[in-house]
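Please build the complex by placing chain B on the supplied structure of chain A, with the hints as guidance.
Here is what each chain is made of, one letter per residue.
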Amino acid sequence: AQSVTQLGSHVSVSEGALVLLRCNYSSSVPPYLFWYVQYPNQGLQLLLKYTSAATLVKGINGFEAEFKKSETSFHLTKPSAHMSDAAEYFCAVMDSSASKIIFGSGTRLSIRP
Amino acid sequence: DGGITQSPKYLFRKEGQNVTLSCEQNLNHDAMYWYRQDPGQGLRLIYYSQIVNDFQKGDIAEGYSVSREKKESFPLTVTSAQKNPTAFYLCASNKDSGNTIYFGEGSWLTVV
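These protein sequence lines are chains A and B, in that order. Take 1 as the starting number for the first sequence in our numbering and just add one per residue. Take 1001 as the starting number for the second sequence in our numbering and just add one per residue.
Just chain A, same shape as in the assembly (with noise of 0.2 Å):
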């Protein structure tokens, strides 16, 4: 079965720095890959997806990720975090079935100034 995990519930980088969100996932099938971000009391928004178009996936707001079949990875980063970054980041997996989208618990970014 189809599973994500992602390391670290809490992120804090400094405005300005480096953005790594961690997601690893397991999928006997050719994944489709998906980063979600959600502002308090709101939905989930699209980020980018992965559909084995390109092993590079850029997104909206400055992020982009990266599919590393040899790692079963796909982190999410961005170069410089900026303030309206912080939100929750999910990681998420089309099951095999291709019937839903599992989810990862989700990452918690802060961005200090």
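Sample of chain B residues lacking proximity to chain A, with all beta carbon distances greater than 12 Å (derived):
id : residue
1  : Arg1013
2  : Lys1014
3  : Gly1016
4  : Gln1017
5  : Asn1018
6  : Asn1028
7  : Glu1062
8  : Ser1067
9  : Lys1083
10 : Asn1084
11 : Pro1085
Part of the chain A face toward chain B, derived, beta carbon under 7 Å:
id : residue
12 : Gln42
13 : Gly43
14 : Leu44
15 : Leu46
16 : Lys49
17 : Lys100
18 : Ile101
19 : Phe103
20 : Gly104
21 : Ser105
22 : Gly106
The set of hints was computed from the structure by calculation and includes no laboratory data. Only a predicted model underlies this, so the values are computations on that prediction, with no experimental measurement involved. Cβ coordinates follow ideal geometry from the N, Cα and C atoms, glycine included.
Just chain B now, with coordinates in the frame of chain A:
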């Protein structure tokens, strides 16, 4: 504008009462989903529906019920059998399997 509308945004319920959360989408999406989110935790799938008049249990379906009589509507009923219903509920949809899933703004349910 196209999107997913959840209502109400905030709902209070007395113990022992059933309550229904509304989810409507005008995106012409085939599949719809209900997730539950507890503070500081990830999303857990309650029910999902890939076509009208058909739905499947997710990981935590006990104490919940759904219907899918129309393509655009997927209401969730939280019954009195749900032991700990206070949570944030998210409705979502996508065009078909493999496509991006889109979310509504969520509904807060508090049992008092």
